[in-house]
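Peer 1: The listed protein sequences derive, respectively, from chains R and U.
Residue 27 in our numbering sits at position 27 of the first sequence, with consecutive numbering throughout.
Residue 429 in our numbering sits at position 252 of the second sequence, with consecutive numbering throughout.
FYI, nobody ran anything at the bench for these hints, they're computed from the structure.
Beta carbons: idealized from backbone N, C-alpha and C, even for Gly.
Just to be clear, a hint being listed does not mean it is correct.
[Stated by the list, open to error] Calculated cross-link-like contacts (lysine to aspartate or glutamate; reagent style DMTMM-like; alpha-carbon spacing at most 25 Å):
| id | chain 1 | residue 1 | chain 2 | residue 2 |
| --- | --- | --- | --- | --- |
| 1 | U | 193 | R | 136 |
| 2 | U | 358 | U | 376 |
| 3 | R | 152 | U | 182 |
| 4 | U | 212 | R | 171 |
| 5 | U | 358 | U | 435 |
| 6 | U | 193 | R | 148 |
| 7 | R | 125 | R | 136 |
| 8 | R | 166 | U | 207 |
| 9 | U | 193 | U | 207 |
| 10 | U | 188 | R | 116 |
| 11 | R | 166 | U | 184 |
| 12 | U | 188 | R | 142 |
| 13 | U | 205 | R | 99 |
| 14 | R | 70 | U | 335 |
[Said to hold, decoys possible] Not the full set, but computed from the structure, chain U residues with beta-carbon under 10 Å of chain R:
| id | residue |
| --- | --- |
| 15 | 184 |
| 16 | 186 |
| 17 | 187 |
| 18 | 188 |
| 19 | 222 |
| 20 | 229 |
| 21 | 230 |
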Amino acid sequence: MSTSKNVCDETVFREVYRLHGKSLSNVLYYQFGDLEKSKDFIQEALIKLWENCKKVSFEKTRSYLYSVAKRLFLDDYDHEQVKLRFREKTLSISRDKTEMNPEFNMLESEFKEKLEQSIEALPEKQRMVFLMNRIDQMPYKEIAETLDLNIKTVEKHISAALKNLKGNIEELKNIKI
Amino acid sequence: MSERDQDDLSKWIEGKLDDESLASSYSKEDINKFKAILNKVDSFEPAQDLQIDIDSIVSGGKKSGSVFMGGNLRLAIAASITVLLISAAYLFFYHTTKVSTSFGETMVFTLPDGTTEVTLGPNSSLSYNNRRFPRKRRVRLDGQAFFDVNEKGDFKVEFEDGEVNVLGTEFEVLEYESGLKVACYEGKVSMSYESQTQEIEAGELIRFIDGVTDSRLIDTQSPAWIKGTSSFEDAPLKEVINVLKSVFEVEVITNDIDLERRFTGKFNHENLELACKVVFSSLSVDYTLEGKTITLSSK
Numbered sequence: 001m002s003t004s005k006n007v008c009d010e011t012v013f014r015e016v017y018r019l020h021g022k023s024l025s026n027v028l029y030y031q032f033g034d035l036e037k038s039k040d041f042i043q044e045a046l047i048k049l050w051e052n053c054k055k056v057s058f059e060k061t062r063s064y065l066y067s068v069a070k071r072l073f074l075d076d077y078d079h080e081q082v083k084l085r086f087r088e089k090t091l092s093i094s095r096d097k098t099e100m101n102p103e104f105n106m107l108e109s110e111f112k113e114k115l116e117q118s119i120e121a122l123p124e125k126q127r128m129v130f131l132m133n134r135i136d137q138m139p140y141k142e143i144a145e146t147l148d149l150n151i152k153t154v155e156k157h158i159s160a161a162l163k164n165l166k167g168n169i170e171e172l173k174n175i176k177i
Numbered sequence: 178m179s180e181r182d183q184d185d186l187s188k189w190i191e192g193k194l195d196d197e198s199l200a201s202s203y204s205k206e207d208i209n210k211f212k213a214i215l216n217k218v219d220s221f222e223p224a225q226d227l228q229i230d231i232d233s234i235v236s237g238g239k240k241s242g243s244v245f246m247g248g249n250l251r252l253a254i255a256a257s258i259t260v261l262l263i264s265a266a267y268l269f270f271y272h273t274t275k276v277s278t279s280f281g282e283t284m285v286f287t288l289p290d291g292t293t294e295v296t297l298g299p300n301s302s303l304s305y306n307n308r309r310f311p312r313k314r315r316v317r318l319d320g321q322a323f324f325d326v327n328e329k330g331d332f333k334v335e336f337e338d339g340e341v342n343v344l345g346t347e348f349e350v351l352e353y354e355s356g357l358k359v360a361c362y363e364g365k366v367s368m369s370y371e372s373q374t375q376e377i378e379a380g381e382l383i384r385f386i387d388g389v390t391d392s393r394l395i396d397t398q399s400p401a402w403i404k405g406t407s408s409f410e411d412a413p414l415k416e417v418i419n420v421l422k423s424v425f426e427v428e429v430i431t432n433d434i435d436l437e438r439r440f441t442g443k444f445n446h447e448n449l450e451l452a453c454k455v456v457f458s459s460l461s462v463d464y465t466l467e468g469k470t471i472t473l474s475s476k
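Working from the sequences, and respecting the hints, build out all of it.
Peer 2: Structure representation (structure tokens):
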């Protein structure tokens, strides 16, 4: 018999939520760009998981939650275009918004805006992989498992994402001038 | 980019390669730009915290055992409140509402903005997002409906290949396989269909069928089908047959009959035999009606 933890156990269920709740809601946000719905759908997925706790093993909870919530997004005809906005963590050494960003030669605030726009414009997988790695600090291997991708593919997406972002910001800047 | 460069770049992003090893493929300036991007994104977080009431999920699942056992009134009340909250949560999440009619049936209802009245035609469905609707008045239509939009503000009807936008008005939309019909009874609407956009004034009717647009004037206050009749003026037979199908739930085998022929007249939704007689006899088309199938042939 497997010694796997029982998801119907309340303590285990709470652990599942602690482990995957936030990170999956972020993944859905990166994918579909709707923060409110990401939260709603993860909550709905958790309710489903609790109802079906006997049928899902502890190890499979992450992919179960992700696929239920993703299905809800795909069925929701009304979902808007990807719109990603970020706030900056207070602890980070973020530069003053009115300061210049020397690398791209534009105001910090402008740099943030152009970066957000460029992230929105990335192909879905590149965007997801890149943000999961940078914001949620997920290692490539874990990203590959969550999205059911080959690790080589993850590496390809992440380097392509960075190059595309650079190119896109440069381009957005030229348009303005 | 070469596979090697891509490999190096992904390793560098991971922090497993230093700047110097990257310098063979990228300029100093590029590397600095990469760093600026990574630093910025690293400081980002989604602009809202995830707050899920995990307690209510967990206690909700246990309701079955604890609700009315023990006869303790307070416990029973607390438990039923939990149950109520959970079911409210369900309603809250399943927020897409779909209203459908079957063949020959029409239905009148009011949308969640409290003022827009919809008459949904036979064999049609209308869906909208319950929660979002008051903020964003948007519905999706398959089939036919008459809208009476009273309050000012945007109102949008979407269908497969286009949309209709309105400001305070009464109008009708009929979508069918090969086209769309929009009639405006009051106010003004603007419609986009495939790649065309057109404004429609009160008293005007526009048809788009197989890429052909035709417009005409209407002189009634509302479509006749609302009162259980279908009325046509110079309408292509194709459209008349579509209406017959959705009102009477019939199959129509058209054989080699020209479906562009025009029909003017009306029929009542109560009597199929009479409807067939009115439509096909006036066009000198032979027809046989067996059960739910009408077969046409030229005379």
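Peer 1: Compare the structure with each hint and give your call.
Peer 2: Here is how each hint holds up against the structure:
At most 25 Å may separate the alpha-carbon atoms for a hinted pair to count; residue 193 of chain U and residue 136 of chain R meet this at roughly 18 Å. Only pairs whose Cα atoms come within 25 Å are accepted, and residue 358 of chain U paired with residue 376 of chain U is accepted, the gap being roughly 13 Å. At roughly 13 Å between alpha-carbon atoms, residue 152 of chain R and residue 182 of chain U fall within 25 Å of each other, so this suggested pair holds. Using a Cα cut-off of 25 Å, the hinted pair residue 212 of chain U and residue 171 of chain R holds, with the two alpha carbons roughly 18 Å apart.
For the given pair, residue 358 of chain U sits about 20 Å from residue 435 of chain U by alpha-carbon distance, which is consistent with the 25 Å threshold. Of the supplied pair hints, the one linking residue 193 of chain U and residue 148 of chain R holds, its CA atoms being roughly 24 Å apart against a limit of 25 Å. The straight-line distance between the Cα atoms of residue 125 of chain R and residue 136 of chain R is roughly 15 Å, inside the 25 Å bound, and the hint therefore holds. Pair hint residue 166 of chain R plus residue 207 of chain U holds up; C-alpha atoms about 8 Å apart against a cutoff of 25 Å.
Between residue 193 of chain U and residue 207 of chain U, the direct Cα distance comes to roughly 18 Å. Compliance with the 25 Å bound is thereby established for this hinted pair. For the given pair, residue 188 of chain U sits about 24 Å from residue 116 of chain R by alpha-carbon distance, which is consistent with the 25 Å threshold. Between residue 166 of chain R and residue 184 of chain U, the direct Cα distance comes to roughly 18 Å. Compliance with the 25 Å bound is thereby established for this hinted pair. Using a Cα cut-off of 25 Å, the hinted pair residue 188 of chain U and residue 142 of chain R holds, with the two alpha carbons roughly 16 Å apart.
For the suggested pair residue 205 of chain U and residue 99 of chain R, the alpha carbons sit about 22 Å apart, so the restraint of at most 25 Å is met. Of the supplied pair hints, the one linking residue 70 of chain R and residue 335 of chain U holds, its CA atoms being roughly 24 Å apart against a limit of 25 Å. For residue 184 of chain U, the suggested interface contact is upheld, since its CB lies about 7 Å from the closest CB of chain R, less than 10 Å. Hint status for residue 186 of chain U relative to chain R: holds, with the closest Cβ pair at about 4 Å, below 10 Å.
Residue-level restraint check for residue 187 of chain U holds (minimum Cβ-Cβ distance to chain R is 4 Å; threshold 10 Å). Given the 10 Å rule on beta carbons, the hint for residue 188 of chain U holds: about 8 Å separates it from the nearest Cβ of chain R. Satisfaction of the interface hint for residue 222 of chain U is found here, the shortest Cβ-Cβ separation to chain R being roughly 5 Å, below the 10 Å cut-off. At about 5 Å, the closest approach between the beta carbon of residue 229 of chain U and any beta carbon in chain R falls short of 10 Å, and the interface hint on this residue holds.
Residue-level restraint check for residue 230 of chain U holds (minimum Cβ-Cβ distance to chain R is 8 Å; threshold 10 Å).
The structure is consistent with each of the numbered hints, conforming to all of them.
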